[in-house]
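Asker: Chains A and B supply the protein sequences, listed in that same order. Residue numbering for the first sequence follows UniProt numbering, beginning at 1 and increasing consecutively. Residue numbering for the second sequence follows UniProt numbering, beginning at 1 and increasing consecutively.
If you are wondering where the hints come from, they were derived from the structure by calculation, not from laboratory data. Please note that a few of the clues may not be correct.
Said to hold, decoys possible - Here are the simulated lysine to aspartate or glutamate pairs, DMTMM-like style, with alpha carbons at most 25 Å apart:
1. 194/A with 207/B
2. 179/B with 207/B
3. 91/B with 56/B
4. 194/A with 241/A
5. 194/A with 306/B
6. 194/A with 56/B
Please read these numbers as outputs of a predicted model, since none were measured by experiment.
Letter by letter, the chains look like this.
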Amino acid sequence: MALLELDDVSVTYRIAAGEVPAVRGVSLTLDAGTALGVAGESGSGKSTLAMALLRLLPRDARVGGRILLDGEDVLAMKWGRLRAVRWAEASIVFQGAQHGLNPVQRIGDQIAEPLLVHGLAKPDSARGRVAELLEQVGLPAWRARSYPHELSGGQRQRIMIAMALACSPRLIIADEPTTALDVMVQAQVLTLIKELLAERGISLIMISHDLSVLADVCDRLAVMYAGRVVEHGPSREVFHDPKHPYSAALAAAFPTVGDPVSRLAPKGLGGDPPDPMDLPPGCSFHPRCPVALDVCPTLDVELWPAGPERRAACVHVRPEKAEPAETTLEVS
Amino acid sequence: MTETQTPVEAVGTARPTLLEARDLHVGFPSRGRRARAVDGVDLAIGEGEIVALVGESGCGKTTLARTLLGLERPTSGSVLYGGTALEYGSKALKAYRREVQLVLQDPMGSLNPRQTVYEAVAEGPRIHGLPGEQEVVASALSRAGLRPPERFFLRYPHELSGGQRQRVVIAGALALEPKVLIADEPVASLDASVRGEILALLLRLRDELGLSALVVTHDLGLAWNIADRVAVMYLGRIVESGPVEQVLTAPRHPYTQALLSVLPESPERVVLTGEPPDPTRIPGGCRFHARCQVLASGRAAEAGVDGRCRAEPLAVLPAVPTAQAACHYAAAVD
Chain A
1 MALLELDDVS
11 VTYRIAAGEV
21 PAVRGVSLTL
31 DAGTALGVAG
41 ESGSGKSTLA
51 MALLRLLPRD
61 ARVGGRILLD
71 GEDVLAMKWG
81 RLRAVRWAEA
91 SIVFQGAQHG
101 LNPVQRIGDQ
111 IAEPLLVHGL
121 AKPDSARGRV
131 AELLEQVGLP
141 AWRARSYPHE
151 LSGGQRQRIM
161 IAMALACSPR
171 LIIADEPTTA
181 LDVMVQAQVL
191 TLIKELLAER
201 GISLIMISHD
211 LSVLADVCDR
221 LAVMYAGRVV
231 EHGPSREVFH
241 DPKHPYSAAL
251 AAAFPTVGDP
261 VSRLAPKGLG
271 GDPPDPMDLP
281 PGCSFHPRCP
291 VALDVCPTLD
301 VELWPAGPER
311 RAACVHVRPE
321 KAEPAETTLE
331 VS
Chain B
1 MTETQTPVEA
11 VGTARPTLLE
21 ARDLHVGFPS
31 RGRRARAVDG
41 VDLAIGEGEI
51 VALVGESGCG
61 KTTLARTLLG
71 LERPTSGSVL
81 YGGTALEYGS
91 KALKAYRREV
101 QLVLQDPMGS
111 LNPRQTVYEA
121 VAEGPRIHGL
131 PGEQEVVASA
141 LSRAGLRPPE
151 RFFLRYPHEL
161 SGGQRQRVVI
171 AGALALEPKV
181 LIADEPVASL
191 DASVRGEILA
201 LLLRLRDELG
211 LSALVVTHDL
221 GLAWNIADRV
231 AVMYLGRIVE
241 SGPVEQVLTA
251 PRHPYTQALL
261 SVLPESPERV
271 VLTGEPPDPT
281 RIPGGCRFHA
291 RCQVLASGRA
301 AEAGVDGRCR
311 AEPLAVLPAV
321 PTAQAACHYA
331 AAVD
């Protein structure tokens, strides 16, 4: 059963200069107990999409389509219901944990806050629950008395995860949870996330520009470019055998140490991401595409089947005269 | 200035040494204690060589880089450029900084948002009174891959993409035609697709201009992508160094082994636990012993070195280009 279903979701920011289409028709499904990685670079719409899931976007953003959480449309929820859903059913871990914590409040009080607000604990019982949460993220209970500046970056990120777990949500949305961290601390945090998924059956949407990290944690991967999903499938397959040239560029950006192909040969992608207010015609990736064909500047390819459980929006995967694919993606 | 013979040349390296740290120590007072951020480092960077300095936050790699730039003064030991000890008078430092330039991480933070690209790149040449400012700026921008350069002169940082901003920062360093670039996490804040482009630029600058570079990073993939040699730093010391192929495919120090094992794709992980290393409390014996997986698993005891791991400090690794590791266990089993 799908825990989360996105049906043709779009987000448009209205600014003085006009309308900025940040997310353009994304359809995805997340089954309970699975992890979905959303990859892409700055401006691909991946963080906007994550914020839209819990309606955390600013007022000038217009969200279209349907976002079904456990069958209930998030976009149609009343304010009170939305408040209950945030934290208790789905919570979000932002990038840059450093800035997410109040510097003058003790860690324990900050973790207890959502519990008290949602009436899930009384002030006297909250302390025990805080200790339990700290233990789950691998920190000693006495850390509840610490202030954020007394903790390292990795420990602060663990605190953010403890806060996200506080109300026992079924879904956690993590936006670049390890980006600012050292390799060893990143490994510790990723191990923690994987343990929480396995032990508590939590579902995860993780957002990153690092395909290798997403492939490591997630069951499935969706690669976004210019507001659209351009490739989707089982994560290891998308990482090791990408079908869309943009996914291939992202996968090659992080070399495998020991692989002679990448030795003294860093792989990048020329050009810059397109201006969402002035998208290239046809396939929006064609100006940067190393394998573009003559038709690409005029042909806007939708997601097509690209192997078992896989889709890619590229003319290279499209067999001649194939029937158009259904617009909704099935995620197993 | 005194002429000194560099020991590296005596050992015989493929490249003559350009920049060198010799028995370098840098300490700071820190919350009533003393942080030994750099605690005995010998490191040589050859002409046209790219060296990656790898380690976790707090290992002292940024302090080492700043000391090599003359931004920090060593507590003891010395920095040598072209075999001559660095002097800290303002005139000597100014001359030195034409030769050895810093490339900062986070271009959004290091560029002045109200300064045009032209002004940002022209700042160095103006301080040093270089003639033909406009040509200097244009040539630096085009060598950093911003072409045609005139198109970028009047742009502001916010009008550029992340990759373009990092190129402006690199152009600012190139404008003085330095011999050495010291880059602190040059791609950490950049998108995946841009990362490779900037690294390719650093490689091209080495090939075309013969630039040397010290790249400070926690990213071993970056070292694999562009460096000739890698030095792994832990708690103020270099614990393993050598050619990239050798150190990263057959690491001998347990710390290097652990760093490599946590990369995605690696078969068996060694996730080190415990608090991040604290340079105000450097343990006795081997400075890594408290977190060492080889000691904890009993393999060091089997090799009969566990007592030395806990009690006997290791000697400072010399500045030689060949592969070496500061580890009692590695020495015993080789």
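Asker: All hints, please: hold or fail.
Answerer: Comparing the hints with the structure gives:
1. 194/A with 207/B: It is violated: about 43 Å lies between the C-alpha atoms, which goes past 25 Å.
2. 179/B with 207/B: 13 Å, holds
3. 91/B with 56/B: 34 Å, violated
4. 194/A with 241/A: It holds: about 23 Å lies between the C-alpha atoms, which stays within 25 Å.
5. 194/A with 306/B: 34 Å, violated
6. 194/A with 56/B: Judged against 25 Å, a Cα distance of about 23 Å means the pair holds.
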